[in-house]
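As they're listed, the protein sequences go chains A and B.
All you need for my numbering is the position in the first sequence, starting with 1, plus 11.
All you need for my numbering is the position in the second sequence, starting with 1, plus 11.
These aren't lab readings, by the way, just hints derived from the structure by calculation.
Because identical chains cannot be distinguished in the list, a pair is counted as satisfied if it fits within a single copy or across any two copies.
Within a straight-line C-alpha distance of at most 20 Å, the following computed SDA-like cross-link-like pairs (lysine to any residue) qualify:
| # | residue 1 | residue 2 |
| --- | --- | --- |
| 1 | Lys91 | Arg25 |
| 2 | Lys91 | His120 |
| 3 | Lys91 | Arg26 |
| 4 | Lys103 | His117 |
| 5 | Lys91 | Leu24 |
| 6 | Lys91 | Gly163 |
| 7 | Lys103 | Ile60 |
| 8 | Lys103 | Glu80 |
| 9 | Lys91 | Arg171 |
| 10 | Lys91 | Arg27 |
| 11 | Lys103 | Ser72 |
| 12 | Lys91 | Gly166 |
| 13 | Lys91 | Asp174 |
| 14 | Lys91 | Val102 |
| 15 | Lys91 | Glu173 |
| 16 | Lys103 | Leu113 |
| 17 | Lys91 | Gly160 |
| 18 | Lys103 | Leu70 |
| 19 | Lys103 | Asp148 |
2 protein chains.
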Amino acid sequence: MAERSNADDYDRLRRRVLWSLPSGLYVLGSRHGERRNGMTLNWAMQVAIEPKRVAVSILRSAYTHELVEAGGVFSLNVLKRSDRAMVRRFVKPVVVDDRSGLLGGHPFHDGVTGAPVLDEAHAYLDCRVAQQVPVGDHTLFIGDVVDAGFLGEEGAEVLRMEDTRMNYGG
Amino acid sequence: MAERSNADDYDRLRRRVLWSLPSGLYVLGSRHGERRNGMTLNWAMQVAIEPKRVAVSILRSAYTHELVEAGGVFSLNVLKRSDRAMVRRFVKPVVVDDRSGLLGGHPFHDGVTGAPVLDEAHAYLDCRVAQQVPVGDHTLFIGDVVDAGFLGEEGAEVLRMEDTRMNYGG
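Just need the whole structure built from these sequences, with the hints factored in.
Shown next, in the form of structure tokens:
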């Protein structure tokens, strides 16, 4: 059992090292036809300057994966640090309420690509998928930035994973 | 000129939105044969859980790109927040000093893959390249994590891009 125990110890150690990588914490907006979703996500980064491309890594079994793959668009909603409670609403799939018109209880509008942008977001990147790369149990969707802007005050502090008690992956 | 001015304004706005995405700030170790390098990099994230994979995006014209492509390995050196001055040493290509044996003035050892791991790093991920994805002017190198560990005290604060006055990309 010593070997098994050592392997478990290493798995836990590797997980904690992976968790130590700093990241933001976003709501990823997706859309296919009239189906829209918002999902809490922290694996997002810019990956090219020319052209401007942003990558997000999405679990293959996620509803958002289905929408991004079928719709070919996504919005990366950057949140204010003070709005960290918002991400809890988007940990499970959300729908647009027929009566209130809200997405997961929050107002939104459709961006240039049609993907939902949260009105309360600090900033957003609206992207059209240019490359799709299967990576193990996730898929990297790499998008061209077709629109970007600040909705809040530009100098505000941005939400990071470390501002919460959440972890992902590892 | 109004249109040109608006396009320039949008380019600058988009750059600032891209800069607002939080990230860590690392020294990426690379090696091919006896050539080793360390490069300051902030575009790194985990991208899959099963298997454990980490992606880094590297400018195609960088010396590190040549070494990672040829050597097929990289180490991601996570730094302590208090060591932010270290990254300045790795903004330009560095060599191993024949007399001191230091890399960019810092002690290192070769990891499991042979890639250099900085002795002063807070933590490291030692990776073997599994996928290589051209993305515009950069390449995403996606590596299997073959070794990981903390070299410093596990609870220490980790260096982030926002702890410096640096920006990249945008």
